[in-house]
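Protein chains: 2
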Amino acid sequence: MAKRIGQYTIELDRMPGIIGYGTAVGKKEGEGPIADEFDNIFEDTTMGLKSWEEAESALMTSAINSALTKAKITASDADGLFSGDLLDQSIATTFGVKDFALPHIGLFGACSTMALSLSLASLMVDSGAMNCAIAATSSHFCSAERQFRFPLEYGGKRTPTSQWTVTGSGAVVVKAGGGAPFIKRVTLGKIVDFDVTDANNMGAAMAPAAADTLSGFLKDTNTKPEDYDAIFTGDLGQVGSTLLKQLMTEKGYTLDENYNDCGLMIFDMSDSDVAAGGSGCGCSASVLCAHILKRIQSGEYQKVLFCATGALMSPTSSQQGKSIPGVAHLVEIVHNKG
Amino acid sequence: MAKRIGQYTIELDRMPGIIGYGTAVGKKEGEGPIADEFDNIFEDTTMGLKSWEEAESALMTSAINSALTKAKITASDADGLFSGDLLDQSIATTFGVKDFALPHIGLFGACSTMALSLSLASLMVDSGAMNCAIAATSSHFCSAERQFRFPLEYGGKRTPTSQWTVTGSGAVVVKAGGGAPFIKRVTLGKIVDFDVTDANNMGAAMAPAAADTLSGFLKDTNTKPEDYDAIFTGDLGQVGSTLLKQLMTEKGYTLDENYNDCGLMIFDMSDSDVAAGGSGCGCSASVLCAHILKRIQSGEYQKVLFCATGALMSPTSSQQGKSIPGVAHLVEIVHNKG
Chain A
12 MAKRIGQYTI ELDRMPGIIG YGTAVGKKEG EGPIADEFDN IFEDTTMGLK SWEEAESALM
72 TSAINSALTK AKITASDADG LFSGDLLDQS IATTFGVKDF ALPHIGLFGA CSTMALSLSL
132 ASLMVDSGAM NCAIAATSSH FCSAERQFRF PLEYGGKRTP TSQWTVTGSG AVVVKAGGGA
192 PFIKRVTLGK IVDFDVTDAN NMGAAMAPAA ADTLSGFLKD TNTKPEDYDA IFTGDLGQVG
252 STLLKQLMTE KGYTLDENYN DCGLMIFDMS DSDVAAGGSG CGCSASVLCA HILKRIQSGE
312 YQKVLFCATG ALMSPTSSQQ GKSIPGVAHL VEIVHNKG
Chain B
12 MAKRIGQYTI ELDRMPGIIG YGTAVGKKEG EGPIADEFDN IFEDTTMGLK SWEEAESALM
72 TSAINSALTK AKITASDADG LFSGDLLDQS IATTFGVKDF ALPHIGLFGA CSTMALSLSL
132 ASLMVDSGAM NCAIAATSSH FCSAERQFRF PLEYGGKRTP TSQWTVTGSG AVVVKAGGGA
192 PFIKRVTLGK IVDFDVTDAN NMGAAMAPAA ADTLSGFLKD TNTKPEDYDA IFTGDLGQVG
252 STLLKQLMTE KGYTLDENYN DCGLMIFDMS DSDVAAGGSG CGCSASVLCA HILKRIQSGE
312 YQKVLFCATG ALMSPTSSQQ GKSIPGVAHL VEIVHNKG
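Read top to bottom, the protein sequences are chains A and B.
For the first sequence, this note's numbering begins at 12 and goes up steadily by one.
For the second sequence, this note's numbering begins at 12 and goes up steadily by one.
Keep in mind that the hints were calculated from the coordinates and are not lab data.
Be aware that one or more of the hints could be misleading.
It does not matter which identical chain is used: a pair holds within one copy or between any two.
With a Cα cut of at most 35 Å, we get these calculated DSBU-like pairs of lysine-lysine [as the list claims (entries may be wrong)]:
(1) K168 <-> K235
(2) K168 <-> K348
(3) K61 <-> K14
(4) K348 <-> K61
(5) K314 <-> K38
(6) K235 <-> K38
(7) K14 <-> K348
(8) K168 <-> K314
Given the structure is predicted, the values throughout are model-derived calculations rather than measurements.
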C-alpha cells in the first residue's frame, strides 16, 4: 500500500526501480553542454519525414526504443505507457506510441508531463496494477512554434524573457523489483494561477506552481532543500528560476548550489537565441533521461528531487485574455532503497 | 494490492465506492430522452460568460460541484482531480478545475476521458495513494465545432455519419470504503489504428478500439457479454455501434439487447441534426453520471461495463492526411462488492 504523508505527498511502498531510460534530441540540443549524454541526436529537423509533427513522434519512438533497449526488454513486456505532449490533442504522442500496442494512458501536463507520467507510472507499478510501465514525453521547436507562436518563416523577434522549445524526447521504464534509481516519493501538484498573461514569460507563470509543490513536499516530508544532493526544476529558465528562489526564501527555504533548472542546462546560455532558456515537455524529459538519472544510478547523487513545471494555456485562451496558470509535479528519485 | 488478470485487466483489491456523481448539460441535451436525469441544464450556450470555452469550464465546475454535494464532502476532502477535455491544451479543464485547488492529473483520451479518469482515480484510491479522488470531463458543441470543424456561422452541411458534440460534463467522486456503486475491474485500452481518415466518421474510427478493449476484458476475465446486466459504449453512435457488433461477432461474442451506446441515448435520434448520434467527452460522461450510475446504485443493474471510446486526431493531423487512431478504456461497475 502506498502511504500518504502530510497533505499531498505519497510514499511508494515498494519503491519501483528505473530499469531503462532513453533520449532523442535535435541538432541544437546536440551542440549544447550535455550533448555527449544523449542517446540519439538528429541533425535534420524533419528527420526525413513529411512534417515536424511526424518528426516529433519519431523522437518519442526513438527515446522509448532506447529506454527499452537499455532495460533489456521489449514493449510487450510492459503493461502500460503513460505519455503526452504539447501539440493539440497530443498527436505527437498518438503517432509516436501507437505501434508499441500497449495500454495507453494519455496525459496532459504541458511541460510538467515528464514528472506527471513518471509519477503515475511509478504509482501504478507500486500498487501492483502494473508490473512494468513506460513514461515518456516530447516537444519539437518547429511544431511548437507554429502552433503556439508564429510561422517560422515570419522570423519574429523574440523577447528576452521568452524560452526556446527543446526538440527532444525522454522515456523511462519503471519496474517492480527493478534496480536503482528508485522512485521514493511523489507530490502531484495543484494548478496555481498568479494571473500572469504574458505568453512570452512562461517562467514567471510556472514559478509559483513550482514553489507550491516543492514547499508542499518539503513540509509534508519534514525535510529541507539541503537534505538533497540535487534539486532540479524544469523548465523555469532564467526568469522563472530566479523567481522560484525568491518565492522559496519567502517560505523559509533556501535554494542554493544544489539547485538547477533543466531549462538552463540543455543549451549554451550565451546563445542569444535561447533567451531565458529551454522549455517544452522535451526539455526536462531529455535532461532527466540523459544527465540526471545517470548520476543517480552511479551514486554520484544519492537523493534527488525532480520537479517539472507546466504552463497551462493555449493560443485560444491567450487570445481570449485568460491568465496562464501553472502546475508542477515532483518525484523524489534515490540511489538506495534504504 | 491490485491484481492483474489475464493480459491487461486489473482487479481492484478494495473496490472503491462511488460516493457522488453530477452532471451539467446544455439545452439540446436537456430536451432529449434522459433530460429528467441531469442535475443542471443550461439554456444559454455561453452560460452568460464571455466565450464558449469559458462556458465549457463552467459546465465542468458545475458537474463537479453537484458530485461533491451529493457525496456530502467539499473539494478539500479529496486528494486529487483527474480530468481532461477535447480542447487544445485542455483549457476547459484548466479553467474549470483550478479553483478546487487539488492535485491535478491532466488527462487526454479524447472522448474516452470519462473511463480513463474514472479508471485512474479508482486505481489511485484502491492503492492507498489517495483516499478520495474526483474524475471529470466535458465537451461543448460550440467550442468543439469551431476548433475541429467549421465556424458555426458558416452553416456547413453535416454528413450522415457525422456525430453531434454533446454540450455537457460529468463528474464522479470515488472513495476508499465508500458505498455502492463499486469499481471492480478496469481495462486500459491500446491505441488501435484501422487507417480511417474521415473526420466525419469517428464511429468507424473508434469501433475497432472498442472491440479490442471489450473483447480483451472478456477474455481476461473469462466472461461473456450476457454475464452483465448492461454494456455501454460511448460514443460510437449509429455507425460505430453497428460496426462494433459486427467486430464482436467476428471475435465470437454477441452484443445483444443488454448493449447500448451513450451516443444513441442522449439525443432524440429522429432529430436529423444529430445524424449518427452524440459524441464528445461530455457524451459518455453525462450519460454515465445521469443515467447509468443511478441504476447501478439502485440495484436495477447489478453488473455494468462502461467502455468509453476516443478518436485520437487533431485538425493538424487530419490536414496532414494522417489516419484517426482510436482508443477505448473500460470500467466494470457493480452494485455489490460480493
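Open item on the list: When the structure is checked against the list of hints, which entries are broken? Sort them ascending.
Closed with: 1, 2, 3, 4, 6, 8
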